[in-house]
Amino acid sequence: MIELFDVQKRYGARVALDIPALTIEAGERLAVIGPNGSGKSTLLRLLAGMIGADEGVVRSSAFVRGEIGYLPQKPYAFDMSVQKNVELALAGEPNRAKRAQEALERVGLLHLAKARANRLSGGETQRMALARVLAKPRKLLLLDEPTACVDIAAIEQIERAILDYVAQTGCTLVFSSHAPSQAMLLSTRVLALDGGRIGELGDTAQVLHDPQEESTRAFLKNWKL
Amino acid sequence: MNGAFARALALLLAGDPLLTSILRVTLIMTFCSSMTALLLGAPYGVLLASARFPGRKALILINRTLTGLPPVVCGLFCYLQFSGTGPLRGLHLLFTVAGMVIAQVLLITPIIAGSMETAITHIVEPMRESARGMGLSRGRTFLLTLNESKYALFSSYLLGFGRAMAEVGAVSMVGGAIAYKTNVMTTAIMMYTNMGNFSYALALGMLLLLISLIVNILAHVLQRSVGV
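These protein sequence lines are chains Y and H, in that order.
Take the first sequence: its letter number 80 is residue 80 in this note's numbering, and every next letter is one higher.
Adding 1000 to a residue's 1-based position in the second sequence gives its number in this note's numbering.
Keep in mind that the hints are not guaranteed to be accurate.
[Claimed, not checked] Pairwise CB distance ranges, derived in the manner of DEER restraints: (1) H:Arg1064 to Y:Gly12: 21 to 29 Å; (2) H:Thr1121 to Y:Pro20: 33 to 41 Å; (3) H:Arg1056 to Y:Gly123: 34 to 42 Å; (4) Y:Ser121 to H:Gly1015: 35 to 43 Å; (5) H:Ala1051 to Y:Pro20: 32 to 40 Å.
Please keep in mind that the hints were generated in silico from the structure rather than gathered at the bench.
Glycine included, every Cβ here is placed at the ideal spot set by N, Cα and C.
So here's chain Y without its partners, still in its complex pose:
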């Protein structure tokens, strides 16, 4: 379980995130939506421990190294083969090569296993980074726009890979997305952020089909489910 109390994160004078209280239950699948600059990435980076809160407390039972898998919005491709990149996540574990190949197969990138990672396209880099995160079981999976640069044909495969992983590991999933169909498919609850604050929080179908808040309605008005 993850709990946030009176959490505030500022960048200079700007308040990027201001959450009085938020609880994410173990095994839950939470989608974080909102316009650019609404605080989605800040929330995920905070949950991943990449940044600290200026005020308030973030509590999680998964705050142990290796138990959190975090996919940043702009993942980095290390200067080695695609497979070696995935094997990094499995350091010190048995059958690294085989498990790395399995992870690459799940995201449809096995054919590029021997390719140099820093020569991949943006979408391929994102898929490789996802394979790194999915290569081992984790308690908490944090994905910052996991299909932002990925082509339409591969999106379905990635969504299936995420769902399979969550089903197999029983992990908690928190992800940000701009696609309502993705939020509908992958999440059980939706958190709509508005200027760093909670605009709306509730059941996925309810928030997406019948938003109660004006800010959520404005954000969703051009979406076609």
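Dock chain H against chain Y, hints included.
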């Protein structure tokens, strides 16, 4: 000017003892100082770029200031430390190659550290987030950062090597340009110019450029062989 290079080669091939000594001292001093500065400056530069700790910005500012340290000031500082009244007089470093190397290390280390810091600072954050996002430790993340800094490492070393070889102010003050002992290319060029022996000075200058070219070619070949 036309005959300078030919004269330099002729002197070298003839095994001119003075030229051979100047060349030997120059190479020993430059290699020792640039490698020591690399060993100290590269990890320090990576640390400044990647670690977050109180006082980091002040250290970056100090390092940037030290990159502009005038060589004669550095030479004077070392001279005062090594001379008969200085605190390090017991080490007998004045007018020795070791003393010249120390002066150069003080000059070059901030340059290499600053070059590394500038080169990798933009990749550190995405790299750190990806590494930590996989659950890697701080130590492993630091090693990965060093591995990702290979290109910056080469270019920073060449920068330091070039500075060490071309430096004249500090080495002339600390070394004293003693023939067959501490006279290096740059101090010898100054000396022969002052004596009016322009052709010999030019010949040395050409050799200096040739050495720089050879080192850059070797670095390029090494760079390609490690796939940077």
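Checked hints:
| no. | hint | in the structure |
| --- | --- | --- |
| 1 | H:Arg1064 to Y:Gly12: 21 to 29 Å | holds, 23 Å |
| 2 | H:Thr1121 to Y:Pro20: 33 to 41 Å | holds, 36 Å |
| 3 | H:Arg1056 to Y:Gly123: 34 to 42 Å | holds, 35 Å |
| 4 | Y:Ser121 to H:Gly1015: 35 to 43 Å | violated, 58 Å |
| 5 | H:Ala1051 to Y:Pro20: 32 to 40 Å | holds, 33 Å |
Taken one by one, the earlier hints fail for this structure only at number 4.
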